[in-house]
Each structure stands twice: as structure tokens, then as C-alpha cells.
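Starting from the known structure of chain H, fit chain A onto it as the hints suggest.
In the order they appear, the protein sequences are chains H and A.
Position one of the first sequence corresponds to residue 1 (the working numbering), numbered consecutively onward.
Position one of the second sequence corresponds to residue 1 (the working numbering), numbered consecutively onward.
Calculated directly from the structure, the hints in this document are not laboratory data.
Certain hints may be false.
Quick list of in silico lysine-lysine cross-link-like pairs, DSS-like style, CA-CA up to 27 Å [what the hints assert, rightly or not]: (1) K137(H) to K147(H); (2) K489(A) to K147(H); (3) K489(A) to K137(H); (4) K489(A) to K107(H); (5) K181(H) to K137(H).
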Amino acid sequence: MRVVIAEDVYLLRAGLTRLLEAYGFEVVAAVESGPELLAALIEHRPDVAVVDVRLPPTFTDEGLRAAIEARRTHPGLPVVVLSQHVQQLYARELLADGGAGVGYLLKDRVFNDEQFVDALRRVAAGGTAMDPDVVAKLISGRPPLAKLSPREREVLELMAEGRSNAAIGQRLFLSDSAVSKHIASIFGKLGLAASDDDNRRVLAVLAHIAGNSSDSRP
Amino acid sequence: MARLRGLGLVALGLLGLPLAVVDLVALVFGLSPVVLAVRRLPMVARELAGEWCGMPIAEPYNPAPLPPRPRHDGMYEVRRRLYRRPHVPAYRQRVQWLASDGATWLDLLWLVVNPVAGTVLGLAAVVVGRPGLRWHGRWTRALLGARRPWPNWVRDRTVLVLDGAQLAALTVAGLLLAALQVAAGVLALTGVTWPLIVLVENSRTFINYYRGRIGGIDEPYRPAPPPPRPEADGRYRVRRRLYRSPTVPARLTRLYWLAGDPASGRDLLWLLLNPLVTVTLLAAPCAAMLVGFGQLTTTVSQLWQHTQPWWRGPVGAAVAVAVLVIAPTLRGWHDRWTPVLLAPTKSARLAKRVERLTETRADAVDTQAAELRRIERDLHDGAQGRLVAMGMALRAVERLLDADPETARKLIVEVRENTATALTEIRELVHGIHPPVLAERGLVDAIRVVALDSPLDVEVAADLPGRLDPPVESAAYFAVREVLTNAVKHSGADHVRVDVSHAGGLLRIVVHDDGHGGADPAGGTGLLGVRRRLGTFDGVLDVRSPVGGPTTLMLEIPCVLSSRRTSTSSEPG
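Next comes chain H alone, as it looks inside the complex (with noise of 0.2 Å):
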């Protein structure tokens, strides 16, 4: 699987591209900037990019801005975004355009290699990974949502992250089926038509939580 990277720090990048390369990635590019990572990106088109938000030559919101914008050049290209804080603000704007394979993690993330790479190879699929403290920023308070269970809103959590029913189902240990009448009654309280593609489900989940949450739209 090929891997484009941006991060300014030499010693992160070169640990992640060990890392991937450990797990069987192939690395085409590392660079350490804005321009150069949408260059690299336009060039290799990968089957996924690991995206620093913080870059040069601005230090502020480069990388992110890179990748919304060669997403929006080249609708669904895989890209993960880490950053040293997570946002809702920002979990929006990348999934402002409704298209799959995003993914958005918290730079500690990368500690716990497997799930990164499984994180890294879901979105490569075209599937999401949100980071679980973004998914409970973006659940926490929100009126629509006080209608679910406990042990739903367990379920929504892990959904909205991009975990399959397979892996929710062994996390929380339920059997698929119980997983599966959670999933439906989740979207019968939300209002919205179920889905059997994991990838449809969690956007419109995320789309839902996040448009229905305090609107600061200008």
C-alpha cells in the first residue's frame, strides 16, 4: 500500500515511516510542507496520506488546508490527519464534504501501532477513523442525543470512530446480532434510514451529530 507523509519534525517522520514500512506500507514520499505534501499528493496519488495539520511555512492549519484542498481536486483521496490537539472544528471541515476515507487522530495515537495501521488501512478502504476524544467532544451535549441509551450511545461512540459492528461487537462483548438491533434502534430514535455500508452508516451518523449541534455559523 502506498503512503505519502507530511510532518515537519524529522524524528516523527522518520519514525513513522519505520513504522509503516514495518507493517508491509510503502512510503513514496516524506516531505515537510504545505506545498510540497499537495505536490506529493497530486504526483503519487496514494492509496493513503498521513498528514501533520501544523506545517510549514505558516505553522498554522497548512496540512489540513492541503488536504481539504486535494480532496476537493480529487474527491475521495485517502487522507489521515493527525495533530497535536483534536477539534470538532476541524473534525467538521474534513468531513464538510461528505466524502469517504477521512480520518482525523490525535498524534499519541500512533503509540499503539496496530490499531493505527488499522486505522490507517480503514480509511485507505475508504472507510473513516475519528479520534474517540473528537467523538466525544462532538456527542457530549447534544439534546438530539439524550435519547439513547447508555449502552446505545456506547455503540454510537465506537460507530462514529469507523468501527465496524465485528469490532464493536468485540469491544463492548455483545454477540453481531445484539450489535446489530442497537444500530437499528440508534437510527430509529435519530430519525435516520439505516444502512448496511459501514461507511455510509458512519457519515451520516457524524453529519447528523454535527449538524445538529450548536449551529455558529455566522
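Frame of chain H, contents of chain A only:
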């Protein structure tokens, strides 16, 4: 019948002259019950216009104000002053209500003019009967009706001239204060100082009222001295004298403060000079106008008797109209003269500025130092400690690797967990120093993130086509965050709206919530901290939060926008 009624109206009109004098005096000195009593006469005239002349006239007066309501602490507030009982606030409210009602001043004009105009028309009714009564009714409605058919111009200008006369009357009263001050100054030389202190303080109140009437003139006075503090031996020192009790030193420092302020001298000079100015520019024209109208009406009333040359009437009218025409110019000259002596001088302004800067600098230094201490403590207790623990654990792993690999593995897991915790702690610390979103996206998106994370329904509207200087941005961000935290904790609001805009070199952030109000910067440390934070940048916090809500806070910071990129235009949430 019509003739008798005509005579009655003449008699009613003649009552107006003495009452006009009473009314003017009562208005100048704020005797609201007297003004209300005098109102009876125009009210009777309105009723008669309806019953006798077939011209019903509605009451034109503004409705009486509601009785003052106490604040949350039971005190009554009038123009930034607090009163324990409602009497004085109610009284000031009534004076304000009467003086600001145009109908009051038109009543006064009617009292002056009607004795003549009303007499003429009343006599006309005696001669021609019913039509004369109708003319009288029309005249009464023209002046006393709610809907005035004659142009606002005359009304506005008349009110302006009468207002000027009131200012002139005030300054003449000020002459008395000046004379007493001079006398008290002489008395102070003999050692009796309290009359001077009392007089200077009262004249400051008086002149501040005048400043408020003209508008836009700041107080020039130096800040009041602190209460005297004892020396090491318990005695109090004032210049080269020592006192055992603080009473005399307190009075003396107050005296030196009042007498040593150049603004006091300028005040006294103004008290002496201003009567000249106001009498020439405001009182004399007003008198000329009244005499002019008087001449016109007397001439008309005596046209048949030829006791007075006929041309006095038109000349009188011309003078009165001329006064109305030039009144705003004269008032403008007066308003430009006033700040010459009453506005702070350049050095007074600089002194004030230095004082303010000293204060805000001390605040800034304190805040910074506290912040650094907090960061130092957090690093010391958190990340630093964890790194030491991790180092030790790794050393143990090194030793155990061959002998006890199982324990070594456990230790390694522990170390990894420790790194994760240390990272979280540092993340939180960084967030408290300078939130990453602020650096990455600027003020508006940083506020949006706070809004998204808030349990309240917060709406952010922004018009900020650029970035601010980082220090200003940071101060504004933390101020807004504090305000929103306060709203969550205390306001009981469901919905909050934040408006961010920049115009005329001023960043303005308005935070409005629909909670139960009663926010008081003096009450808690939260808003006080916000005010301090903004003070460093010459920013201000304005709090409007009546008990019962809603609350509106306005933060303003003078600053410039740079053209650095700010939040994208298509951002969600």
C-alpha cells in the same frame, strides 16, 4: 353666551403672566410639584377649548415615569450614584421627566404669549361671537395640542433658547459659589479649612453637572489621595509636621489635593467668567426674544388706542425671529468656550494617562508572574516528574531484561502509559498558555471552538477580515472564554450570541445571553479579571446586566488588523 365665554377666556389668559414667572423659576430650580401645579392652567385651557370653542385637544404630556425600582442589593441607582431610599431618585426622575418634555416648555411659551394673543381673540369673541371662539380654540390648539400644526423649527429653537436661559441662570448661581470660595480661601489662611474643602468639593459637583449638560467634557481632576498612613512610630506626617491622630492629616491632604490641583483654579476662573459669557450669548437673546414677542402682542392689543407707535410690533417680531435664527450659532460659541477652561489640560490628561498606565502595567506584571508560576508548577508536578519516573523505570528494565523479562515487559507498558499521560498533561498546559487553534486559525475560529465545546447554545457571528496582533488576539480570546465560562456558571442562559467585529481601529466583541442577568464586575473575580486583562491593551469591558436579564457584555480593544489570512469563508459550525 359666546360673549361671556370670550370674557372668561380673556381672564384665563391674564392669569398666565404671573404663573409664567413662577413656572420659569420652578423649572430652573427643579421644583417639580410647582411645575405640575402650574400645568393645571393649560389643562383648563384645553378643556375649555373643547367645550366652549368646539376644538377638543388631547393631552400632549409624556406619561409619568414608573417609580424607581431597587437593584439586587436594595439600593437605587441614578446616573452611577446609589441611594438607600427611593425619594431622591424619584425626585430626580420627575425633574428629568418634566424638563425633557417639549410640552412643558410650550406651556411656558403659552403662558407668556397667551395673555395677549388670548385677550385679543377673547375680545374678538365678545365682539363677533361664535367665530371668535373658534379662532381662540384654534390658537390654543396650535400651541397646546399634541399634534402641532406649526413647524417643529419654532418649537425646537424656542426650547433651545429657553434651555440656554436655564444655563445662564445656573452660572449666575455659580457666581455665589465663587464668591463663597474666595471668602473661604481667606478664612483658610487663618487655619479654618473645612469651609474651603466643602465649597470646592461642591463646586466640583456643580461644574461636573455643567460638563454633563454640555456633553463630551472629561473631568480634569487629579485622583483623590489615599487615606493617611502612619509612620513607623504611629504618628502621621503631612509635609514637615507630625500628628498623633489621622483626622487632621486626612483633612490637610484633602485640602492640598483640592487646592493644589490647577483644575481648581481653572474652575474658579470659569465660575467668575462664565456668567459674562452666558448672559451675553444666552440670557440676553432669550430676554430679547421674550420682549420682542411681548412688544408684538402689546402693539396688536393696543392697535386701536394708538398709545404706542405701530412699528414696535413688527420690530419686536423681527427681533424675536432673529434670535431664533441665530440661537444655535450663539449656543455653539458657548459650547466651544466651555471646554477652554473646563476640559482637562494636556498635562492633566497626560498625568491621568500615566496613572492608568502604571495601574495596568502593575496588573499585567502580576498576571504574567502568576501565569509563569502556574506553568512552572504544572511542569514540575506533571511532565518533569513523569520523565524522571520513566527514566528510572527504563533503567530497571535494562537491569531486568535478561533476569526477569516478564517484569521488564510490565514496566515497559507502564512507561508507555506514562508517556501518554505526560503528553495529555502538556497538551492541556499548552492549551492554557496559547491554544493551538488560536495560533492556527486566529481569534474567530478559536472562539468558535470554545462555542462548540460549550454546553450552552452559542452562536458566533464574525466580521474580521484579517488577523490581530498575537498578544491582542490572545487577550481577547481568554477574555471571551472567561465570559462564556461565567455565562455557563452563573447566567442560567440557554442561548448565547457572540458578535466579533472591527471598525475604526477598535476590536469589538459583544456577548449577549438570555439568562437572568445581575452580573456585576465588582462582585466576582471573573469579570474583574477580564477587565484587568483588557486594561493592559487600553481595552474596556462594558457590562449591562439588569436583574432579570438579559445580559450584554461589550469588550473593546483598540488595535489594528493585519492582512494575515484568517478563518476560511466556508467553515462549518
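How the hints compare with the structure:
Of the pairs offered as hints, the one joining K137(H) and K147(H) holds, with about 17 Å between alpha carbons and a cut-off of 27 Å not exceeded. This hinted pair checks out: K489(A) and K147(H) have alpha carbons roughly 25 Å apart, not beyond 27 Å. With a CA separation close to 19 Å, the supplied pair K489(A) and K137(H) stays within the 27 Å bound. Under the criterion of a C-alpha separation no larger than 27 Å, the hint pairing K489(A) with K107(H) is inconsistent with the structure, at around 33 Å.
The straight-line distance between the Cα atoms of K181(H) and K137(H) is roughly 25 Å, inside the 27 Å bound, and the hint therefore holds.
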